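S.K.: Residue strings, one per chain:
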Amino acid sequence: MSFAFWIVAALTVAGGLAAVLLKNLVHCALAVTLAFLGLALMFLQLDAQFAGFAQILVYVGAVAILVVFAILLTRNAEVLAKGESVFSKTWLTGLIAAAAVFAVLGWAVLQSVRGLPNETAEPVVTVVEIGKALMWHYVLPLEILALLLTAATIGAVMVALHEKKEAK
Amino acid sequence: MTPLAGYLLLAALLFAIGLAGALTRRNAILVLIGIELMLNAANLNLIAFWRYGPHPEALTGMMFAIFSIAVAAAEAAVGLGLVIAIYRHAKTTDLDQMNRMKG
Amino acid sequence: MIQAGISITPLLPLHVSPITEMLWLIPALPIVAAGIAALLKQPRRKTSALLAIGSMLGSLFLSLVAFVYVATGVMQGAAIRETYNLTWFQAGAAQVDLGWVLDPLSAVMILMVSFVGLMIFVYSLGYMAEDENFTRFFCFLSLFAGAMLGVVISNSLLLLFMCWELVGLTSYLLIGFWYQKPSAAAAAKKAFMTTRVGDVFFLLGMVWLFAQTGTLLFYNHGVGSMEPLKLGALLATPSGLGLTAAGAIGLLIFAGAAGKSGQLPLHVWLPDAMEGPTPVSALIHAATMVAAGVYLIARVYPLMQAGSLVGGSTTALTVVTWVGAITAVFAALIAVAQNDIKRILAYSTVSQLGYMMAGLGLGGVAVGMFHLITHAFFKALLFMGAGSVIHGCHEEQDVRKMGGLWSQMPWTFGTYAIGMLALCGFPIVFSGFWSKDGILEAAKHWDLSKGPFYLLVFGALLTAFYMTRQVSYVFFGKWRGHGHAHESPGVMTRPLAVLAFFAVVLGAIGTPAWPWFRAFLNNQSVKLDWAGLGDLEFWTLAGTSSLVVFLGLGLGWWLYGNRPTDADAPDALEKALPPVWALLRDKFYVDELYGVTVIAFYAWWAKVADWLDRWVWGGAVIAVTRLFGGGAQLSRLMDTYWVNGGFDKGCEELSNSGGLLARVQSGRVQTYLRLLALAVVVLAAFLIWSSHP
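Residue numbers (my numbering), protein chains in the order written: chain A, 1 to 168; chain B, 1001 to 1103; chain C, 2001 to 2693.
Okay, chain A solo, but in the shape it has when bound (with noise of 0.2 Å):
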C-alpha cells in the first residue's frame, strides 16, 4: 500500500469521526465535507477520475452546502441544557449495532484476503468512452435517473414549501 492510501485514508477517517463526534453542527458539517474531500481524492488514487470529480462536483458542491442550509434553518433547536448530551440516552445500542457490522464486515473482508485479485492492469477510462455507455448500455437506467431526479426536486420543494404554507 503506497504511503499516499495512508494519509488520505486518515485524512478521511478523521473527518468521518470529527463529523459524528463533535457539538457543533456546523463543525459537523465541515468535518463531513472533508470526508468527502478524501473520498475524492481516493477515487483519483483508483484511476476513477470521472467519478472524483463527480464526486467533488455533487457532494462537496452540492450536498454539504445543503447541508449547511439546513443547519442554518434549524437553529433554533440547537439550546442544549447544561450537561445534556448531544448523544441519545440509549447511545450504547448504536455503538454496538456499528460495532457489529464493522466486524462482521471486516472479518468476510479478511477471511476472503486469499480469493482476492492482487494486481491488475491500469485501465484507461475516457469520458468518451463513459458517454457512450451512459447512451448506450446504461440509457434506460440514465431515463430513469432523470425521472428520479426530477421527482426529487419537485418533491423537496413541495415538502418544504406546505408546511410554510400551513404555517402562516
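Just so you know, these hints were derived from the structure itself, not from any lab. Hints should not be assumed to be uniformly reliable.
As the list claims (entries may be wrong) - Not everything, but these chain B residues come out facing chain C in the computed CB check (under 7 Å):
(1) L1023
(2) K1091
(3) L1095
(4) N1099
(5) R1100
(6) M1101
Because the structure is a prediction, the values reported are computed rather than measured. C-beta atoms are modelled at their ideal positions from N, C-alpha and C, and glycine is treated no differently.
Chain A is already provided as a structure; the job is to place chains B and C on it using the hints.
M.R.: Positioned in the frame of chain A, the structure of chains B and C alone reads:
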C-alpha cells in the same frame, strides 16, 4: 494485504462510523450526515471492486458509483426538506422526542 | 284385535220371540226419561213427574206382556228361557258379550219392580210435593228404576255388574238427596263405600269366572257359564282352601250380594240410609235394591249349587245360609231397641233379607224368591205408611213422640196393620206367613244342622215383638206429640191400599194347595190340588210358627200395648234390663268397631300414602329436579370460569404480549435503525458461515 483489501477495510470502517453516527446522535441532520457517509463508503467499495476486479473496461462499477452519487444527492435533498418540515411542525430536531409512532 | 263399540251380531239366534227382542225397552224407557228429566229446570215438575210415571207405566205394560208370555208358555208345559246376546268387543281370542234373558225368574222380577216402583212413584207425587228439588228427585228415581230393571233382565254378569254399580250410584244420589244435611251426606258416602267393599269381591269373582270359563253370559245355548258344560269345568278346577273354583267364585259373588243386601258384616249402611226421603227408603231399601243381592244369588244359583255333595248342600250355600240366619236374628235384636220409626223398619229389612238369604241356601231359588216378592210388597207398604205417619205428624220420626194415631189416620192405620201382620207372619190370611213358612220348612229339613231353624224361629218371635212395640207406640195410647196429626192426602193413601191388597192376596200362590210360584220358577206347571193342604207335617210346622207369632204379639202387647207412657219415659224393657237395652240400642257397637279398626286403618293408610307421595315420589321428583338444576349450575360455573374465563385470560395474554411486542415500537427512528443493522449483521454472518467451505 492486497490493495483491494485495504480499500475494502477502509470502506467498512467509514461505513461503521457513519452508522454509529446515525444511530447515536440526537439531531436529525446528523443522522442524515451519517447516512451520506455510509453511502460514500459504499461508493468506495464499488470503485475499488471496479478497479481490481475482472473486466474493468465494462465500466460497470464506475457507472454504478455515478448513479449512486446521483441518487444520494436526490435523497439528501428530500431528506433535508423533510427535516425542515418536521422542524417547523415540532419545533425541534431532537429524535428522542419524536416518538409519535410509539406502539 | 279389539273391536270397540257395540256390534250387533246376535249369537246363533234360535227362536227368539219378539218379546225377548224388545225386552231391552223395559229398562231403557225409565233411563231415557231420566236423561230427559236431567236436562229440565227445577220448576218443571209436571213434566218430570209425567216422564217418570209414564215411563214406568210403559215398563209395567211390557213387563206384563212378557210375564203373560212366560206364564202361558210354562202353563202349557214348555220351559221358557230365551236369551238375546250381543258381542260387545273382542280382545284376541277372548270375547265379551252382553245380553238379556227372559225366563220365569226375570219375568217375576220385572213385574214386581215395575209395579212396586209405579206405586211408589205415585206416592212420591204427594210426599215430595213441597220439596223444591222435585224434578231432580224424579230424575234419580227413574234412573234407579231403569238400572234395577237392567240388573234383573241381564244375561251377562258384566251387564249385571254395570247396572249393579248404576243402582249403587243412584242409591248414593237418593240417600244424599238432601245433601245440605251433613248426616245425609255422610250416610250416602257410608252406603256407597260399604257396598263398594262387597263389590270388590264381586268383581274378583267375575274376573275369575271369565278367566276359567271364557264367557260371562249365563245362558248361551249350552256354553253359558250357568250351563252344565262350563259348570263341570269349574267343578273340576280346584282352588285354595279345599274349595273348587265354583265354590270360591260363588263365595266371592255372595260377598258382593252381602254388601248390597246388608248381610252381617256389611249391614252398617242400611239403617243410616234412612236419611233419604221415605219413598227412597221404600223403593230402594225395602223392595228393590236390597233385593238385588238376593236376586243375584238366585241368578247364579246353578253355580252356587254346583257339585252339591256334602249333606245336600255346597260350601257356598252353607255359608249363605248361616250368614242369612245370623243376620236375621242380629238385626231383629237391634230393632227391638230403636226409637226412630224408619230405623226399626230398616233393621227389620236387614233381618228379612237374612231370611231370604237363608231361604236361598236352605231351600233353593223358589223359597227365597217367594219371600222376596211378598216382602217387597209389605215392606214397601210399611215404609210408605211410615212416611204417611211422618207426614201427618209434621216430620216427626221419633215413636215416643207419637201415639193414638189410629183414630186420626185411619187409612194409614189400617194398611199399616195389614203390612205389619204380613211381616210378622200372621197365619193363613197374610202372604208373609206362607213365604216365611216355606223358609222354616226348608230349614227344618236341612241335614247339615238345625241351627238355622232355631235361629229363624227366634227371629220370628222377635219380629212379632218389635213390630207390636212399634205399632203400640205409634198408633195406640195417647197422643204425645205437638200440634195435631192429620191424615195424608189420597195420592198417598191409595197406593197404600193397593199394596195392602197384594200383601194379602199374594199368599195364595205359595200355598201347598197350589204352589204355583215354586213351580213357575222351576219352569213347570202345576194344578190346584186341595189335597196338598192335608199334609200333617206342614200343619205341625204352621202351628209352631203361628204359636211363635202369637207369643211375640202377646209379649209386645203386654209390655207396650195400652200402657200409658210419656214421651220422655224410658222404655219398659229398658227399665227391666238396662245393660241389654243399651247393647241393643247401640247396635252391638258394630259401627264403633269399624270406626276403630277399618276406618282408623284407612285413615292411617291415607296418611302413609300422603307421606309417600310427598317425600318418596315427590322427593324423587325433587331430587331429579335438583340434580338437573345442579347440573345446570355446574354448567353455568364451568361456562363462566373455565370457558369464558379461559377465553378472557387468553385474550388478555394475547393483548399483553401484543403490548410487550408493541414496546419494541418505540417510535424512535434510531431504534429501528439499530435493529435493522443488527439484523443485517446476523444475516451476513449466516450467509458467510453457510458458504464457508
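S.K.: Holds or violated: the hint that R1100(B) contacts chain C, with Cβ atoms closer than 7 Å.
M.R.: This interface hint holds because 6 Å falls under the 7 Å limit.
S.K.: Hold the hint about N1099(B) up to the distance rule: shortest CB distance to chain C must be less than 7 Å.
M.R.: Constraint on N1099(B) satisfied, holds at 3 Å.
S.K.: Would the stated hint for L1095(B) survive a check requiring a Cβ distance to chain C of less than 7 Å?
M.R.: Check passed: Cβ of L1095(B) comes within 6 Å of chain C, closer than 7 Å.
S.K.: Identify whether the interface hint at L1023(B) stands, where standing means a beta carbon of chain C within less than 7 Å of its own.
M.R.: Given a least distance of 5 Å, the restraint on L1023(B) holds.
S.K.: Quick check on M1101(B) please, does its C-beta sit within 7 Å of some C-beta on chain C?
M.R.: Check passed: Cβ of M1101(B) comes within 4 Å of chain C, closer than 7 Å.
S.K.: Holds or violated: the hint that K1091(B) contacts chain C, with Cβ atoms closer than 7 Å.
M.R.: Check failed: Cβ of K1091(B) comes no nearer than 17 Å to chain C, outside 7 Å.
The structure shown violates just one earlier hint, number 2.
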